[in-house]
Amino acid sequence: MRYDMQLPWWAWLLMGTALVLFILMVVISVRRNHGVKRSLFASPYTLWMLLFTIVPVILIGYYAFTGTDGTFTLDNFRNFWDSNFDMKKLVGEEYASTIPRGTVNVDTLTYSLWMAFLCTALSLLLGYPAALFMADRNMKLGSSLVVLFIIPMWMNFLLRTIAWMSLLEDNGLINSLLRSIGLEGVQLMYNSGAVLLGMVYNFLPFMVFPIYTSLSKQDINLSEAAADLGCSPMQALMKVTIPLSLPGVISGITMVFMPSVTTFFIPRVLGGGNTMMFGDLIESKFLTEGNWNVGSALSLIMMVLILISLSILRKADPNGEGGGIV
Amino acid sequence: MKRFAALLLVVLLFPVIALADGVVNVFNWEDYIDESVLKMFEEETGIHVNYMCFTTNEDMMVQVEANPGAFDVVFPSDYMVERMLNKGLLEEINYDHIPNAQYIMENLRNPDYDPNGVHSIPYMWGTVGILYNTTMVDDPVDSWEILWNTKYANNVFMLDSIRDSMGITLCSLGYSMNERDYPALRAATDKLVLQKTSGMVKAYQVDETKDKMVAGEAALALMWSGDAQYAIDLNSDLAFAVPKEGSNVWIDPMVIIKGCRNLENAEKFVDFLCRPDIAVLNCEEIRYSSPNSAAIELMGEEYTENPVLSPSEETITRCEFFHDIDETIMPIYTTLWNEVKNAK
Amino acid sequence: MNSGSKLTRFFKRFYLALILIFLYIPIIVLIIQSFNAGKSRAKWEGFSLHWYGELFRSASIMNSLEVTLLVAVLAMIVSTVLGTLAAIGIYSMKKRPQSLMMTLTNLPNTMPDIVTGISLMLLFIFTRVDRGFWTMLLAHITFDTPYVILSVMPKLKQMNKHTYEAALDLGATPSYALWHVLIPECKQGIITGAMLAFTLSLDDFTISYFTTSPLVQNLSTLIYSAARRGIEPTLNALSALMFVALLALLLVVNKRTSEN
Numbered sequence: 001m002r003y004d005m006q007l008p009w010w011a012w013l014l015m016g017t018a019l020v021l022f023i024l025m026v027v028i029s030v031r032r033n034h035g036v037k038r039s040l041f042a043s044p045y046t047l048w049m050l051l052f053t054i055v056p057v058i059l060i061g062y063y064a065f066t067g068t069d070g071t072f073t074l075d076n077f078r079n080f081w082d083s084n085f086d087m088k089k090l091v092g093e094e095y096a097s098t099i100p101r102g103t104v105n106v107d108t109l110t111y112s113l114w115m116a117f118l119c120t121a122l123s124l125l126l127g128y129p130a131a132l133f134m135a136d137r138n139m140k141l142g143s144s145l146v147v148l149f150i151i152p153m154w155m156n157f158l159l160r161t162i163a164w165m166s167l168l169e170d171n172g173l174i175n176s177l178l179r180s181i182g183l184e185g186v187q188l189m190y191n192s193g194a195v196l197l198g199m200v201y202n203f204l205p206f207m208v209f210p211i212y213t214s215l216s217k218q219d220i221n222l223s224e225a226a227a228d229l230g231c232s233p234m235q236a237l238m239k240v241t242i243p244l245s246l247p248g249v250i251s252g253i254t255m256v257f258m259p260s261v262t263t264f265f266i267p268r269v270l271g272g273g274n275t276m277m278f279g280d281l282i283e284s285k286f287l288t289e290g291n292w293n294v295g296s297a298l299s300l301i302m303m304v305l306i307l308i309s310l311s312i313l314r315k316a317d318p319n320g321e322g323g324g325i326v
Numbered sequence: 001m002k003r004f005a006a007l008l009l010v011v012l013l014f015p016v017i018a019l020a021d022g023v024v025n026v027f028n029w030e031d032y033i034d035e036s037v038l039k040m041f042e043e044e045t046g047i048h049v050n051y052m053c054f055t056t057n058e059d060m061m062v063q064v065e066a067n068p069g070a071f072d073v074v075f076p077s078d079y080m081v082e083r084m085l086n087k088g089l090l091e092e093i094n095y096d097h098i099p100n101a102q103y104i105m106e107n108l109r110n111p112d113y114d115p116n117g118v119h120s121i122p123y124m125w126g127t128v129g130i131l132y133n134t135t136m137v138d139d140p141v142d143s144w145e146i147l148w149n150t151k152y153a154n155n156v157f158m159l160d161s162i163r164d165s166m167g168i169t170l171c172s173l174g175y176s177m178n179e180r181d182y183p184a185l186r187a188a189t190d191k192l193v194l195q196k197t198s199g200m201v202k203a204y205q206v207d208e209t210k211d212k213m214v215a216g217e218a219a220l221a222l223m224w225s226g227d228a229q230y231a232i233d234l235n236s237d238l239a240f241a242v243p244k245e246g247s248n249v250w251i252d253p254m255v256i257i258k259g260c261r262n263l264e265n266a267e268k269f270v271d272f273l274c275r276p277d278i279a280v281l282n283c284e285e286i287r288y289s290s291p292n293s294a295a296i297e298l299m300g301e302e303y304t305e306n307p308v309l310s311p312s313e314e315t316i317t318r319c320e321f322f323h324d325i326d327e328t329i330m331p332i333y334t335t336l337w338n339e340v341k342n343a344k
Numbered sequence: 001m002n003s004g005s006k007l008t009r010f011f012k013r014f015y016l017a018l019i020l021i022f023l024y025i026p027i028i029v030l031i032i033q034s035f036n037a038g039k040s041r042a043k044w045e046g047f048s049l050h051w052y053g054e055l056f057r058s059a060s061i062m063n064s065l066e067v068t069l070l071v072a073v074l075a076m077i078v079s080t081v082l083g084t085l086a087a088i089g090i091y092s093m094k095k096r097p098q099s100l101m102m103t104l105t106n107l108p109n110t111m112p113d114i115v116t117g118i119s120l121m122l123l124f125i126f127t128r129v130d131r132g133f134w135t136m137l138l139a140h141i142t143f144d145t146p147y148v149i150l151s152v153m154p155k156l157k158q159m160n161k162h163t164y165e166a167a168l169d170l171g172a173t174p175s176y177a178l179w180h181v182l183i184p185e186c187k188q189g190i191i192t193g194a195m196l197a198f199t200l201s202l203d204d205f206t207i208s209y210f211t212t213s214p215l216v217q218n219l220s221t222l223i224y225s226a227a228r229r230g231i232e233p234t235l236n237a238l239s240a241l242m243f244v245a246l247l248a249l250l251l252v253v254n255k256r257t258s259e260n
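Protein chains in written order, with my numbering: chain A, 1 to 326; chain B, 1 to 344; chain C, 1 to 260.
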């Protein structure tokens, strides 16, 4: 059955004990009238996070640093650096020396980073003016416009990406339109450009919202004061509005960059599988090759990279004022 | 009150679990059955079918190994049956419980991958070839080399399936499709890389290709015969050819997983699919070749006269079966394939 | 900013309109295609409601819809309870453990979805738990809960620190104070958190993809396999219906807030 729960006995035991402890804790804390330790309220959550966030991350680490036989090894990381590493061991000595270092994994990573960078830059370029105009009080646009920006995000992103396919195909809507007005059709799909378009399309709202939030929180008197002090509107924008919206920009960059590096559906649909991103690579290591050890090593590398870039971004916004959608 | 409403909602959302005579968990290829057959089976036997799909043999294998007990009946390809046998994953077929297996063609009862069919019963078979659009291709399509002909640059769909794409390239170079030696594999890889870097390939995909070929998105596509026939049915400009250098002929059998939870139901399901009228339904829906002699008789000339469904003896002798490339060689294939897909 | 001139104003509106068109074009295409009698993506073969009928007849789509809603509702309920309790707990902690807990809470947000999904998959495989409905639910609760905490925390911080103690001084029992002082104070945050949890779990693809078996599909994973297969116009019909439902919901919410 679909809702059958097939768990090992010790899982039931664990869950049972946790439930009993939890009920006991609640009963005790309600009964005791004085000095209830409210900080204990966080313990179920702490336990949950330990089990389902910390332990899994440790598992990734475990697989990344062990071979298929379970012994410690750094081979998985050598495999990242030299994607032919495993192959060299299998083809026999006579050929191994003829095989150069395989750059597939490293290339895929740099390509993903480059695409993510482009996507973030484009989103910022397109999104900042949008957020600025939305927050402009003279425009009298109000919250209804914000809602208009949110609605597409609630539609399933896979469906929206597939819809782009109908637009971009060689015999798709855009090309049919071009031909009907007597122009040559152009190939819009099956390349990096289409992948980039799909990424910007999916992640643009994540750039607009934080910037909009930080702009609309700004004191309108500030830019008016700047104008009174003789600033041109352009100067006021450059010297007052934009610098003050930096936390929003940083948070927007984070929210666009992270999912962009790890995308793994868009390249397949819009890029025709011609380009692989790091997410695709990790997915295929786990689900096609069944090579968890190398897959884990790649995941670990990606995690570390993202943590590094996040901490760099945090430096730019030490107070974390950006706030996301939350 | 609100909390109770939420609780009620949850309870209502839980489906009434049908009190059927149990279930059977089936793991099949995408688009590989006439779905009405599943309903007919449920109505006739009262057994509920949990029907799940996979895209490539390799994906299937990872799932089956990672979810022991989740599947009863699986539809691997020939060479995967070999690997599953080696790993001891398959139950022996009890032919007494599957009387309809008598309709399986004589010459398919003792396949290389599973001597005497002890662990598997053929479900469908077919070939690999080139599906092409006759309005876009004016050269004769009789050789794999056309997939490297720069006249059709950016007009070719390749299969994102390691064994198939590597296999036909090996074949075009005169090697066996089951090559294990590095120099041969290297040569095939270089040829595939050349195909990509010279801009021949529009996309690497699997199940999407047939609909795209119907829509005229590309001139040539590496394709399995059944998907090709499906596309030809929808667009009469399309045609299918098995190149002269040879190709791959394959069988997709049904197997029962060892220690599965619903052995009896699994046997009933396999037997049902071997029933001639059911085999006809499936064959006419998915357009692959049937191993079921009684079903072929029922379909008559429409089947036997169709060169895609019913290739000539001469075509079949040109073709070669895949054999399992075991885990010591497979990483070479995957590494080389990744190299192809990442070539710029 | 002086946006007095009509021209700049027009330009700004024009720009926003362009961006909105960019965001909505695929959705409009989806909706139009859902009424196409034929299966082709590009050719219009006449108006028909055929695919809507197919949609409700399709067992796999209906099943996945059920799984999606069930997971979203259950994950929302559990993560809201878990998250609200945790937020109150963390709020009353001392400085050190508090910042440690907040780092822990922020950790899942800094982890890419694919890593979260894979790490949970490894956990389930390692502990020999069959993946399926329940593992998907566990995964959803795991990524929902931090968002609940992050929306409840600010409300707690805004609250006057002494309200709770005042209630105790006035003779309220701690549990009374909890239910009648603390919870109402952060009601807004709890509701936001719950809504957020619900939408996040409704829309999730990556984590579900790795934590379920092919047997139990939610809408996202179903769409994913359908997309690999080819054209599936019933999914267009589904997205058109979802769009209309969302729009209706938003209109109702908007009307109610403007009435208040």
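Just so you know, not all the hints are guaranteed correct.
EDC-like, lysine to aspartate or glutamate: derived pairs with alpha carbons at most 20 Å apart [as the list claims (entries may be wrong)]:
1. C:K39 to B:E91
2. C:K39 to B:E339
3. B:K151 to A:E184
4. A:K89 to B:E179
5. C:K39 to B:E327
6. A:K89 to B:D211
7. C:K43 to B:D211
8. C:K12 to A:D136
9. B:K258 to C:D130
10. C:K43 to B:D233
11. A:K89 to B:D237
12. C:K39 to B:D237
13. B:K191 to B:E339
14. C:K43 to B:E339
15. B:K344 to A:D107
16. C:K43 to A:E184
17. B:K268 to B:D59
18. C:K39 to B:E35
19. A:K89 to B:E327
20. B:K196 to A:D107
21. B:K191 to B:D207
22. B:K87 to A:E184
23. C:K39 to B:D207
24. C:K39 to B:D326
25. A:K89 to B:D233
26. B:K39 to C:E54
Derived from the structure by calculation, the hints contain no laboratory data.
I'd like to know which numbered hints this structure contradicts. Please list them from smallest to largest. Of the numbered hints given earlier, those the structure breaks are 1, 2, 5, 6, 11, 14, 17, 21, 22, 24, 25, listed in rising order.
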